[in-house]
Amino acid sequence: MKLVLNGKEIEVEGRPTILQIARKNGVKIPSLCDHERLTPFSGCRLCLVEIEGRRGFPPSCGTYAEEGMKIKTNTPQLRKLRQQILELILSEHPSSCLICSEKKECDDHKSTIRKVGETTGCVMCPNNGRCELQDIVGVLEIENVQFPALYRDFEVKKKDPFFDRNYNLCILCGRCVRMCHEVRGASAISFVHRGSDEVIGTFYDKTLIEAGCQFCGACVDTCPTGALTERALKYEMLPDGQSQTICPFCGIGCAVDVDLKNGKILSSRPANGTSLNRGQACVKGRFILRDVVYASGRIRTPKIRKGKELEEVGWDEALDFAARKLKAYKSSELALIDSPQMSIEDIYVSRKFARDALKTKNVTASPGFAPPSIYQSLLLDNGTLCPLNFKLRDISKARTIVLMGTDLTVSHPIVWLEVLEAVKSGANLVVVSPTELALTRFATQWLRNKAGSEIHLLGYLSKIILEQQEAPELKGIEGYETFLKSLGTLSLESTVKLSGINESQLKDTALSLLEEGPVAYLFGTELTSLSKRNMGALALKNLALMTSGQLFPLGLENNMRGHFELTHFSSLRDMKIDDLIDSVEDGRIKALYVMGTIPRPKKARAEFLVFQGSHENEISQKADVVFPAATFAEVEGTYVNIEGRIQKCFPAIEPLGEARPDWWILAQLAERFKLTGFKYKKSASILNEIQKNNFGLKKASAEDLEKGKEIFVQERERNEERPQFFPLEFLPVIPDVSEKYPFLMLNDYNLDVYRSLILGHVSRGMGKIRNSEWIFLCPEDAEKIGVENGDKIEIVSELGKMIGRVKLTNTVSEGIVKSSFIALGSDDFKSIRVLPVKIERG
Amino acid sequence: MTMEKIIHPSQLLEWKSTVLANRPHFNKTVVISSGTCGQASGSLPVIEALEKELLKRNLKDKIEIKITGCHGFCEMEPNLIVYPDGIFYKKLTPKDIPKIVEDTLLNNKAIPSLVFEDAKSKKKIYEQEEIPFYKKQMRLLTENNFKIDPTKIEDYIALDGYQALSKVLFNMTSEEVIGDIITSGLRGRGGAGFPAGKKWEICHREKSQEKYIICNADEGDPGAYMDRSLLEGNPYSVIEGMTIGAYAIGASEGFIYVRMEYPLAVRHVTDAIKQAKKQGFLGNSIMGSEFQFDIHVIEGAGAFVSGEETSLMASIEGRRAFPRQRPPYPAQSGLWGKPTNINNVETWANIAPIIRNGADWYAGIGTKNSKGTKIFSLVGKINNTGLVEVPMGITLKEIIYDIGGGIKDNKKFKAVQTGGPSGGCIPAEKLNLPIDYDTLAKAGSIMGSGGMIVMDENTCMVDIAKFFLSFTQEESCGKCVPCRVGTRQLYEILNRITEGRGEEGDIKKLKSLAKTVNSGALCALGQTAPNPILTTLKYFLKEYEIHIKEKSCPALVCKDLIIYYIEPNKCVGCLLCKKSCPVEAIAGERKQLHVIDHDLCIKCGACLDVCPPKVSAVFKYTGTKKDRLTKKTSPKRVKK
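Here the protein sequences come in this chain order: A and B.
Residue 583 in numbering that gives the first Met the number 0 sits at position 584 of the first sequence; the count goes up by one each step and never skips.
Residue 477 in numbering that gives the first Met the number 0 sits at position 478 of the second sequence; the count goes up by one each step and never skips.
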């Protein structure tokens, strides 16, 4: 359609707003409440325009283009109107910094507005001049506010972690509220009261934690004034540089901008304009990235054990010592554990080191919280069960979404945003989860099943669909008969009894899967580790085949997919972590090289222990050699995210202290084994070698990645053209609770780690949100046992016991306890599965 | 006399005749007005006393008590009418009941002390229909409030209830219905006066599987209560009107959004919906036709802005009552994004009569561009406060002097505020203005929902403007800046002026800011908020100037600009004023001169109220300094 903007004829497509058209055509219209990801609000009234033939002054942000519209955006009348409206805003907003007569000197000579406060009194703006209101005051040339000040005198809210809320500076544009509600689905904040009492707040003025805030920081980043400001930045003044990195705290790999000062990271914010996270992040990428890099337990120098103590030494001494010691063991006595949080270059070199230097087959990955890798369950003899690559954005286009085995808002917050977008545009959301999640309130169907009944549930859904649907083409598919036969053993009665889901819920869910496509099946680690063998993945695959759906496997760690590509297609399969630790315990393995976390650290005490990592933990303290590894932010490295997207991360800062890249340390050691294949100058040369040797990472060319090209893992050949059903086995996975052990303990897969560091320990704020000590219990059970929030309790099972603190929550049902086995560091909980336990006071 | 569910239109007429034929015979029928207003004035104890008395005298089957909604004559509540004689008794207490039963009900004798007395002529008027307050009205919608027990659908059936719906469902196409409403010239009674038929037509033309009908009963203007009276007194007519509207535009679901401060209205309308469903006037296959429609009652939480249509819909959807930018209009994208037709209570109540009596009949009432009647709530300094229903085109003078009985205490008329906080003040020189949508707008005010606040000479126009601004700035939803901050700044300026801190240039500031708020605000609440200022500035500019320049309030209202003063040569030293002073600001002994300490005085006026009329020593002066006193007033006579 055609319209006229300030006398110029313009051709537009679709149905954009006038503001969008203006921006696209370089016409500047001041605006404070509009945001590209939010629905129009039309509250600030600064973007008013004139449209020929239309009464009054419609706001350009909320007025959609129509054929032949004649729009004027900058008449004297509009300018005057905007000026007076802005003056009204300023009459409520402590604004001495905006219209101060010293402003020019201040801007020219001082690095931060706040500093001027010492002499002129304008101490109000805590936002280091990053202020849209200030910009607009400049644009509209406001020099004076003719109205008396009507400041509101609110108390600054400081009780919550990470950021302060000073609503005296708030202009009520509502961007934070809408961001929280529309984009994040948290709805922790809202407008409260009306008229001149109106303010942004929480339900009954509770703290953000109580209000269900996820501390993603989206409100802080969208605030146009200094009302919401990151506390850690308060006294840091303006940054002197910017850089970009990739957040390593989950499988998504969000692009993150970092502010720098004197070579140090000041803060991190989600990068705008990236196709992946599109200006959004979560608490980890937004608020604790810097804390991880500068954590107090950061290892900065090599150390070796001399006598009883670990002593700081130079690199050569440490490397020589380690090489000498390692050489003394037989290959079968050596073992190496790497981590899916290392870059593919690091993992490649570590595997090469194990093969060529240690010559050992005792290799595995640090389990993190996801053993076995979700991708292992998708592995078939002749390829993979389904394509492993996908596009995050495709989830938002799904009409039905099935989600199981993960607490998405915590485990993959950015994936949740895509799900929310689909739900907001009318998609069905089916959630299968024994515990209540933040997102279950968005579910059209929430199957609150008993843990361990997942395969029965999926199997029975398949059965209903097969009975409902008259689809002769399904019968022709390979494996149909055996699949049907395997379902034969499944009765309605047993499914209902085992899962706790009634018949009508099962039917409704099955029908909703048939109703509207495409169906997206999102599943996480909990499903694959709760089901025996790869039954979880097979059951979903069968369903997907019947409902023309796509599987979206959601791996946990930032480079789990890359690790999988590098390690799981070789003839050599990884050793099981439990077997490896057992071997250490019984002395078959004598020397252990660890580059991440391991379960049962107390029992994994090998004769000779090398620890390579960036943060101290229980293992590093017991090690004989400690190598300081640089973090993600300090070195170049390549990572593969859950989509299969290969991303290159460049160093934002110099390595701290003597820390070095993991590959460098391993290569230096290899040289001491007199090996020649390790003479890498930079990480790019390793990537070149990987490219040549690895099928999946064939396209990962360093040059292309540096250019920012979108590159995905090359998929293995699959039997996609030849669809196939798989017979299911309904194996019992949940041991029965007994009188002695009346509770069922589930593992919490959410707890975040970065290699050897538990993120909950890194900052006080993070500890308040997700504490590794927490053992989740519902209030009813707590009352029965006689414990309260924060009480120390002991969880006892047949395998042993562990200690933690009660965290009351309504999200778990009666009879269920939830906690993280590994984070609590229990030596006794060997296998990460569901366990019957009892609770005793600690 | 209940009826089975109606599945054929003929059954409706049968039902009506059955109702009429089976009415038990009573010697007398006592109709008691007991809407919220009646109950607040004490109608419930009166009813209780009457019931007891009848029981005591064993008259239960001879005398009928009919409890109805509001009769409109608030000033005279609680009142009752004895039929068939039509005798009107006013301001009753339970003590009056035995005498009424004895004299009037049993012995056909009227009681002069309880009947209405004309304020001017002092003439006693016995019959309700003869009272001037009622005589000049044209009660198309409110008349049935006398005849209907709002909990009994049979009463409505007996008055041709649901016959319009029957006609529509079985004899008219939706286009014909819309055509009738267009021809009738009915304009929306919610305020802006958009032609109802046209609005229906737009919504009718929208293609959508789902459409909605909304009845806006979120009546929020200070002093306006006609919608409440209709919903309480005759909820059936609103439901019938909505059902006809739903048929016309093709909606299958409707909502009545009523504020929760109207519990009786909520009860009656909820009950009426239940009865309608039972009898087949709502639900599937209405009266045996293929049409289906259902109504839900939604209670608002009491924000003024919820009466704005887009925020009302947000509130129904469960969101905060924020208005949104239009277009798209509700007819295109309303409730849950579906085409929605929204009209207010009074508009819906007009529909059934129009269909029943014909569009031409309706178009014959009123002025060229404003048809039918309009209900006004006549309040303020007027003798007969109440709800009045008058034909469009009647003059202000007729309403105020003929129906309203003139200004209280024989004071001088100063202005009338129409249209609530969005309206404006109309001065005495416009008393002959024939009232319709266009003339009011031309005078700078609006019809609005029909509030009419009469002000006498003792009203300060700056203070009135301040009152309305304090209301709008408190009720601003806070979404847009011009309304949230602009009204607050306007209020601050007015406040400054009334406190004697007015500055040169304030009037210019008021005008300029009023323009910004008017052109910048998002919804009608903000856009019209400056109207009370603009009209008072237009008609009473001088009063503003006196406030600002002379720091005095000619109407002796603005507390900071007046003082109370005891004339030394009149004071007899009776101690009455001293005793009544809540802050002990009056000094003096028995038989000695009393003096007010102006530093302590809070200007409550208690001294002036108690000073005996014989003495009349207390005076109110305006001006900040004694030597600049510009005006004084004689004390109000207070009868002890």
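Derived from the structure by calculation, the hints contain no laboratory data.
Every value quoted in this text rests on a predicted model; they were computed, and no experiment measured them.
Any given hint could be a false lead.
What the hints assert, rightly or not - Calculated Cβ distances over 10 Å to all of chain A for the following chain B residues:
{"hint": "1", "residue": "Ile181"}
{"hint": "2", "residue": "Trp360"}
{"hint": "3", "residue": "Asp401"}
{"hint": "4", "residue": "Glu474"}
{"hint": "5", "residue": "Gln488"}
{"hint": "6", "residue": "Leu521"}
{"hint": "7", "residue": "Cys600"}
Unchecked claim - No more than 25 Å apart at the CA atoms, straight line, and that leaves these computed lysine-lysine pairs for DSS-like:
{"hint": "8", "chain 1": "A", "residue 1": "Lys79", "chain 2": "B", "residue 2": "Lys206"}
{"hint": "9", "chain 1": "A", "residue 1": "Lys71", "chain 2": "B", "residue 2": "Lys537"}
{"hint": "10", "chain 1": "A", "residue 1": "Lys678", "chain 2": "A", "residue 2": "Lys205"}
{"hint": "11", "chain 1": "A", "residue 1": "Lys423", "chain 2": "B", "residue 2": "Lys510"}
{"hint": "12", "chain 1": "A", "residue 1": "Lys691", "chain 2": "B", "residue 2": "Lys337"}
{"hint": "13", "chain 1": "B", "residue 1": "Lys337", "chain 2": "A", "residue 2": "Lys423"}
{"hint": "14", "chain 1": "A", "residue 1": "Lys351", "chain 2": "A", "residue 2": "Lys71"}
{"hint": "15", "chain 1": "A", "residue 1": "Lys69", "chain 2": "B", "residue 2": "Lys510"}
{"hint": "16", "chain 1": "B", "residue 1": "Lys537", "chain 2": "A", "residue 2": "Lys79"}
{"hint": "17", "chain 1": "A", "residue 1": "Lys79", "chain 2": "B", "residue 2": "Lys337"}
{"hint": "18", "chain 1": "A", "residue 1": "Lys396", "chain 2": "B", "residue 2": "Lys27"}
{"hint": "19", "chain 1": "B", "residue 1": "Lys507", "chain 2": "A", "residue 2": "Lys79"}
All C-beta atoms, glycine included, are put in the ideal place defined by N, C-alpha and C.
Right, here's what the structure says about each hint:
The claim that isoleucine 181 (chain B) is not at the interface with chain A holds, since no C-beta of that chain comes within 10 Å of its own (minimum 23 Å). With a least CB separation of 34 Å from chain A, tryptophan 360 (chain B) remains clear of the 10 Å interface cut-off, as annotated. Chain A leaves aspartate 401 (chain B) outside its interface by the beta-carbon criterion, the shortest separation being 38 Å against a cut-off of 10 Å. With a cut of 10 Å on Cβ distances, glutamate 474 (chain B) falls inside the contact zone with chain A, its closest approach being about 6 Å.
Remark: the non-interface label on glutamine 488 (chain B) conflicts with the geometry, its nearest Cβ contact in chain A lying 5 Å away (cut-off 10 Å). A beta-carbon of chain A comes within 10 Å of the beta-carbon of leucine 521 (chain B); the shortest separation is about 6 Å. Against chain A, the non-interface label of cysteine 600 (chain B) holds: every CB pair exceeds 10 Å, the least being about 28 Å. Between the alpha carbons of lysine 79 (chain A) and lysine 206 (chain B) the distance comes to roughly 42 Å, so the proposed pair goes past 25 Å and is violated.
At roughly 32 Å between alpha-carbon atoms, lysine 71 (chain A) and lysine 537 (chain B) are farther apart than 25 Å, so this suggested pair is violated. At most 25 Å may separate the alpha-carbon atoms for a hinted pair to count; lysine 678 (chain A) and lysine 205 (chain A) exceed this at roughly 58 Å. The straight-line distance between the Cα atoms of lysine 423 (chain A) and lysine 510 (chain B) is roughly 44 Å, outside the 25 Å bound, and the hint therefore fails. Distance check on the hinted pair: lysine 691 (chain A) and lysine 337 (chain B) sit about 58 Å apart at the alpha-carbon level, beyond 25 Å; violated.
Pair hint lysine 337 (chain B) plus lysine 423 (chain A) holds up; C-alpha atoms about 16 Å apart against a cutoff of 25 Å. Taking the CA atoms of lysine 351 (chain A) and lysine 71 (chain A), the gap is about 67 Å. The hint is violated against a cut of 25 Å. With a C-alpha separation of about 29 Å, the suggested pairing of lysine 69 (chain A) with lysine 510 (chain B) is violated against the 25 Å cut-off. Among the hinted pairs, lysine 537 (chain B) with lysine 79 (chain A) is consistent with the structure: their alpha-carbon atoms are about 24 Å apart, no more than 25 Å.
For the hint linking lysine 79 (chain A) to lysine 337 (chain B), the alpha-carbon distance of about 37 Å lies beyond 25 Å, and the restraint is violated. Note on lysine 396 (chain A) and lysine 27 (chain B): the hinted pairing is violated, with a Cα-Cα distance of about 72 Å set against a maximum of 25 Å. For the suggested pair lysine 507 (chain B) and lysine 79 (chain A), the alpha carbons sit about 15 Å apart, so the restraint of at most 25 Å is met.
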